[in-house]
Amino acid sequence: NAGVTQTPKFQVLKTGQSMTLQCAQDMNHEYMSWYRQDPGMGLRLIHYSVGAGITDQGEVPNGYNVSRSTTEDFPLRLLSAAPSQTSVYFCASTRTPGYGYTFGSGTRLTVV
Amino acid sequence: TQLLEQSPQFLSIQEGENLTVYCNSSSVFSSLQWYRQEPGEGPVLLVTVVTGGEVKKLKRLTFQFGDARKDSSLHITAAQPGDTGLYLCAGAITGSARQLTFGSGTQLTVLP
Numbered sequence: 005n006a007g008v009t010q011t012p013k014f015q016v017l018k019t020g021q022s023m024t025l026q027c028a029q030d031m032n033h034e035y036m037s038w039y040r041q042d043p044g045m046g047l048r049l050i051h052y053s054v055g056a057g058i059t060d061q062g063e064v065p066n067g068y069n070v071s072r073s074t075t076e077d078f079p080l081r082l083l084s085a086a087p088s089q090t091s092v093y094f095c096a097s098t099r100t101p102g103y104g105y106t107f108g109s110g111t112r113l114t115v116v
Numbered sequence: 225t226q227l228l229e230q231s232p233q234f235l236s237i238q239e240g241e242n243l244t245v246y247c248n249s250s251s252v253f254s255s256l257q258w259y260r261q262e263p264g265e266g267p268v269l270l271v272t273v274v275t276g277g278e279v280k281k282l283k284r285l286t287f288q289f290g291d292a293r294k295d296s297s298l299h300i301t302a303a304q305p306g307d308t309g310l311y312l313c314a315g316a317i318t319g320s321a322r323q324l325t326f327g328s329g330t331q332l333t334v335l336p
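Listed in order, the protein sequences are those of chains A and B.
Following the working numbering, the residues of the first sequence are numbered contiguously, the last one being 116.
Following the working numbering, the residues of the second sequence are numbered contiguously, the last one being 336.
It is worth saying that the hints were derived from the structure and are not from the lab.
Possibly wrong hints are sitting among the right ones.
[Claimed, not checked] Derived Cβ-Cβ restraints for the label pairs, each shown as a range:
#: 1; chain 1: A; residue 1: Arg99; chain 2: B; residue 2: Thr275; range: 16 to 24 Å
#: 2; chain 1: A; residue 1: Val16; chain 2: B; residue 2: Asn242; range: 41 to 49 Å
#: 3; chain 1: B; residue 1: Glu262; chain 2: A; residue 2: Leu83; range: 30 to 38 Å
#: 4; chain 1: A; residue 1: Arg112; chain 2: B; residue 2: Thr275; range: 35 to 43 Å
#: 5; chain 1: B; residue 1: Thr275; chain 2: A; residue 2: Gly67; range: 35 to 43 Å
#: 6; chain 1: A; residue 1: Ser109; chain 2: B; residue 2: Leu282; range: 20 to 28 Å
Note that the structure is a prediction, hence the values are computed from the model and not measured.
C-beta: ideal position from N, C-alpha, C; glycine also.
Take these sequences, add in the hints, and give me the full structure.
Now the structure itself:
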C-alpha cells in the first residue's frame, strides 16, 4: 500500500504565483486534511474534508482553497503565493477523526 | 497561544538514560495521540489514548493519559540513538474531533 502520496516534494514559487499541491490516499479513508508545519509551531490545520464534496476550514485557511471530488484525492491550491506561505505542507487521512492519522511525506514550499 | 503545551522543547541525553515528555492543556480531549517525526518525513503514529488514566506501553515507550483527559506524558526507558526525532502530541477536543490540534513538539537527541 502506498498510503498517502504527496507531490511535489519540493517547490519554489515567486510571490503572486499559484499552484496546486497534490494529495492522494489509497486506504479508502473518508477524512482527509492539510497541515502546515513551521519551526516552533507544530502542525496547524489548514482545511479538512469528511468526504467527497464536503470541506471545511481549519485554523489557518486564508490564502488556500480545497476541493474534494473523489474519496482518494484532496488537492490544496495556493491562489496567490506569499512569502508567509513558505512552509512544509502535510496531507493526512484517517478512517475515524480523532484517531490514528496517516501522513504523507510532505511538500517543502518556498515562496520568494 | 498553543492549545497543547509540550515540554521540554529540546532534550539531549546520553544513551541509556530515561526521559519524560509532557503534553498539557486546559481543554478536555476525547483522544490524544503521540507521533514521531524524522527529518524530511511526515509524522508517524505511535499510540492513541482515549480513556482517562489509560497507560499504554510500546516496548521501551510508556504513554499515559491524565485522569481528567487534559494532559499526557511519554516516558522512554533506556533511550537509544534510534529514538532521536521530533515527538509530537496531538489531541481531538471533545466535541471537535474533526480538528486535530498539535503541540509544538519535543526535539529529542540521544547521544551514543
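Quick rundown of the hints versus the structure:
Taking 16 to 24 Å as the suggested C-beta distance range, the pair A/Arg99 and B/Thr275 conforms, at roughly 20 Å. Separated by about 43 Å at the C-beta atoms, A/Val16 and B/Asn242 satisfy the suggested range of 41 to 49 Å. Range check, B/Glu262 to A/Leu83: about 32 Å between beta-carbon atoms, so the 30 to 38 Å window is met. A beta carbon spacing of about 37 Å between A/Arg112 and B/Thr275 agrees with the range 35 to 43 Å that was offered as a hint.
With their beta carbons about 39 Å apart, B/Thr275 and A/Gly67 fall inside the hinted range of 35 to 43 Å. For the hinted restraint 20 to 28 Å between A/Ser109 and B/Leu282, the CB-CB distance of approximately 23 Å keeps it satisfied.
Every hint, counting from the list given before, is met by this structure.
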